[in-house]
Structures are given as structure tokens and as C-alpha cells.
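K.L.:
Here is what each chain is made of, one letter per residue.
Number of protein chains: 2
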Amino acid sequence: MAAFVTLDAVRAAAERIAPYVRRTPVLTARPKDDCELLCKAESLQATGAFKLRGAFSKLLALPADAPGVVAHSSGNHAQAVARAARVLGIRAVIVMPADAPPPKRERTEADGAEIVAVGPDSDERERVAATLAQGRGLVLVPPFDDPLVAAGQGTAALELLEETGALDRFYAPVSGGGLMAGCAVVVHGLSPAAEIVGVEPEDGNDTQLSLAAGERRKVPPPRTIADGLRVRTPGAGTWPVLKQHLARVELVSDRELEDAMRYALHELHLVLEPSGAASLAVALREGRGRCGVLLSGGNVDPTLLAAVAARERGRWTL
Amino acid sequence: MAAFVTLDAVRAAAERIAPYVRRTPVLTARPKDDCELLCKAESLQATGAFKLRGAFSKLLALPADAPGVVAHSSGNHAQAVARAARVLGIRAVIVMPADAPPPKRERTEADGAEIVAVGPDSDERERVAATLAQGRGLVLVPPFDDPLVAAGQGTAALELLEETGALDRFYAPVSGGGLMAGCAVVVHGLSPAAEIVGVEPEDGNDTQLSLAAGERRKVPPPRTIADGLRVRTPGAGTWPVLKQHLARVELVSDRELEDAMRYALHELHLVLEPSGAASLAVALREGRGRCGVLLSGGNVDPTLLAAVAARERGRWTL
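Those protein sequence lines, which keep their order, are chains A and E. When we follow this note's numbering, the leftmost residue of the first sequence carries the number 1, and every step to the right adds one. When we follow this note's numbering, the leftmost residue of the second sequence carries the number 1, and every step to the right adds one.
Rather than coming from a laboratory, the hints here were simulated on the basis of the structure. Zero decoy hints are in this set.
The list makes no distinction among identical chains, and a pair is therefore deemed to hold if it is satisfied within one copy or across any two copies.
Listed below are the simulated SDA-like cross-link pairs for lysine to any residue, each with C-alpha atoms no more than 20 angstroms apart in a straight line:
| no. | residue 1 | residue 2 |
| --- | --- | --- |
| 1 | K243 | E215 |
| 2 | K243 | T6 |
| 3 | K104 | R30 |
| 4 | K243 | G214 |
| 5 | K32 | R86 |
| 6 | K104 | P31 |
| 7 | K32 | E109 |
| 8 | K32 | R107 |
| 9 | K32 | V87 |
| 10 | K104 | G119 |
| 11 | K243 | R216 |
| 12 | K104 | A29 |
| 13 | K243 | L211 |
Same shape as in the complex, but just chain A (with noise of 0.2 angstroms):
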């Protein structure tokens, strides 16, 4: 069997959206003397999130004839599809909670999508986005369990190794996996010896449970504050490059990642939202040597953006 994502395939996606997506820098802070984060801060993707780079990578492999896609999503991968597909000038259909907070649809329509609001079970989700994917023949873009958007999504760290050469630990969210399956597989080609550390949120510990039974495990619906982390197994596809390349999982609280998303506005001057701020909390916590640092998207809600900047909390404050 081929392998679902490989060093490669992410070169080959990189060429492929190259003229697409900003190549985003590469931030570094100091928190301790022994401890270098090099940050990748995809909060200033377009679109606030490292999503677009695996849409544009599947749009862009797209056959000729295909009549448009069709994706699932109430989050990044919404606008990143929209967007992707505004831009190559195909058709797109978003399947979207009908309570999705109103900015997100906005932002998804004004890149001329389609929505279809659904109930808030993401199986129905699923469910209505094949059904539209089958009786309109749209090509379904999947969020993570593809192995044209793992591509893409690795393509942000293959930008992250070129600049800062090997690394002795490598950070990153685990959601569905397909970040984490991307971005791996460029890590230990480019940097063998690198640890690989996967974040999970304490209630969305998948991937953590899954590593240590040896197969698949799937949570109850996680309530972590951490939107984009709230995936309850790893993606079929992504399991066995997760399996392979990560040395283990660590998990973060809603309070580390409220602490990590005010390090980043003092510190980085960067806006995270809590998902992207995950792989942060724990480098700030363990962190030894160069570590790499995925800041995978910067979309808060305001509200929450106010509460983490009105409290003074922890030592990143004055």
C-alpha cells in the first residue's frame, strides 16, 4: 500500500501552492536560557489558519472536469475551501452548523460559497456532504483524512525546516491528524533525530489513548475551548504516519492554553485562538533545546480574546 503522506508528496504540494499561500515567518522566543521556540505562526496564513494550505493543494489536483466540492466544516477548513476555491475559480458548497457563529458564515459566504446549514451533529455534517458530494458529483474535501491536504498542511513545515535546519523537538495540535501526518514525515526527513511531540487538549486525549492501546480510540465530544482540537479518533489515514513518527502526546488545559494565547499577545505580538496556541502552552512548559513550534491559526472568538487579555494571570503578565 502506498504510503498515505510522504516527504515528496509534501515537496510536490509545496510547488503546487506556492503562488497561493504566504510563506508565513518564523518567530522566536526565548523563555528559558536552554530553550529556543523557532514559531511558525500560521495565525498570519490567509484566511488565520494553516487550513488553506491543504485545500489549495487538493483544489489544485482537482481533474478538469470536476463540477466544484463540497466540504464539511463550522471552522478554518470552511474558509480555507471557500477561499481556495474563490480564487481557482470553482464551485463550493460548505455543509455548516445552522448555530455556526455568524462572523464564520459571513466569512464563508463572502468568498462566494454556498451554505447549507445542517443541524450541530458533525455526523450529519458528514452525512449531508457525501449525500451532496454523490448527487451533484462535487469532489469532497475532506479536513484532514485525505492525503492531499495532509500534504498541504505539511508544506507549513517544510517552510519552518528550511529556515531553521534541524531541530531537537518539533510541537504540534492533533486534531483528525492531518497536520500532524504532514508535517512529520518533513521533520524526520529533514531532522531524523527530532522528537515529535503531538498536543491534544485533556478531554480530546485520541491520539494520546490510541498511541498507548496500539489502535484507534475514540472520546466522548470534548469541551476543551480548543475549537479546532475537538475531533474524537484519529483520521483512518493519518493513524499509521501518527503511529510511526510520534514519540508521544502531551495535553493541555483550558487555563495553559488561555496562559499561552496571553504569552503570544506580550510576548510574540501575535493573536492565537486557543487551538493554535496548544503546541505553545506545551513548549513553554517542557521546552529544551530548538524546538519548532506550530501556531496553527489565529480565528478567537472576540469575546474570548477579551477575557484572556483582561486577565492578568501567570507569569507572562506585568
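For this one, chain A is given, so just place chain E on it according to the hints.
P.N.:
Frame of chain A; chain E shown alone:
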């Protein structure tokens, strides 16, 4: 008389400082259909502001036998000189008001600078710095009115124009004029038809008044929240450059500065200090065509940041 600062001087500074400063990203925003803002995010520069460019430009040109440098500042210039001196192994003395915010003092001390605390009056700071320069043979690093400092600041515009090509307009804040002077010769050198617009706070409109009068004017101490834009008169050296290149100066209120900071948080995922958001405020108000926008810094007081994030006002918030 030799020109205070030229495109060639900026190019020479760029070569000198390249190994020491970050090439900051240019982020694009489209607030209106007919307006593209190409934002140079100097808030992501090391030490959080463009000031590091001028500090390295000056310190890298010191005579080999200089026993050290002295600067007077309570803000970004202090941190920049301290950081550049530490990196280059040069002794630095910073004259700072005794009531400067403790974090600013701590950061400057963390970079190994010797702090000399004086009263809050800026004239006293200047006198003490001059006395130290004379008494200990230290080289004074002026915050703006120095050809090498201004040439260093201009490298921000050089990077911007290298990336964007010709611009319709260029917006940057004007305080003492070092940043604007360095940038203006670059913008008109590489994009001769660009309209160069300076931005000042409403009660710190010394450059606007000077342009109207045809000669330097001085204003009473401004009380704007833009603490980096409180210089009361253009520099003797920067003034002729400003007079030659500025099409006009636009003024911003504190409220507009806060709105622009909030726009940056939500739309660009950037933390800006009030001075750093000044050019953005005017570009959002009147920008048309391809506009270069210099976001000068991100070192904002956490209490102000929290207030700005909490206040949901204007059309940029959700």
C-alpha cells in the same frame, strides 16, 4: 551640504544590518473593494518595533575604539539600543525616567544595559545623556535625528517595496521623523509617483503645522495614547526630508487608534501599540489603490490592550 538620508544610504544600512534584524512579513488586507493595504508588520521585529533597525545601523558603524553608547528613551528606542549593544558586545547606558513602566525597564536591563534613572522631563533626559556622552566618551545614539539611524529605519520601506513594487500611497507615523525620512527617500526612489502621507496624533500635529508654515513648529506636550508619537517638533535633520517628500499629514484621534488596534487584532491577528496602529487608522479611513502601511510596533501596555479587546465598537468587531 550632503543629504541627511538617501536611498543609497538606506541600501548600505540594509546590507549592514541584514544579519541582525528580522525581515518582517507584509500582510495584505482589503477593507474596501478599491483598496489594498500592504502592511509591513514591524510589530514582529525583534524587540517589537522598527527601532532595532536604526540601532543596528548606528552601532555597526561605530569607530572600533568607541567605549560604548548612550541613549535616552523610555520606550522602544531604549530596548533597541540595549539589544543591539548586547548582540554586538558593546556597552550601553540608557537614560530613562525613574517612573518608566517596570516591564520596560526590566527588558532593557535584561539586555545588559546600565540604566540611569532621571526625572520625567524629556529635556533632563537629553541633558543627562549628553553629559554622560561627554564625561565617559560614550557615543550618543539619537532616537531619530541622526543620518545612520534614519537610514536604518528606512530599511523597513526598502523591504516593503522590494516585495510590493510600486505603490499608490505610503502611510507611516511621524514623530521626530527618523522613520518617515528614511522611508520617504526609499518610497520616492523606487515608486516616484507614490503619495507619501504622514500620520500624527491630533494633539501632536507638529509636522502638519510645520508643513503649513514652511518651517519647524513646536507643540505643547501631547497627551495622545500613542506614546511613541509625543515628540514636539520635527528633527533639525529630518525636517528638510519631510518637507521635500510629504504630500500631507493626516491626524488621528485616540478613538481611531483604538479602532485600528482592534481591526489589527481581528483581521490581521496582530497586536499593535497605539503608535503602531496610527498609519493603519488613516489607511482604513481614506485608503485607495495599493497602499503601503507601516505598522511600527507592538509593545502595548497590557491594560490598554485588554480595554481595546473588550470594547466592541465600530464596524470591525463582531
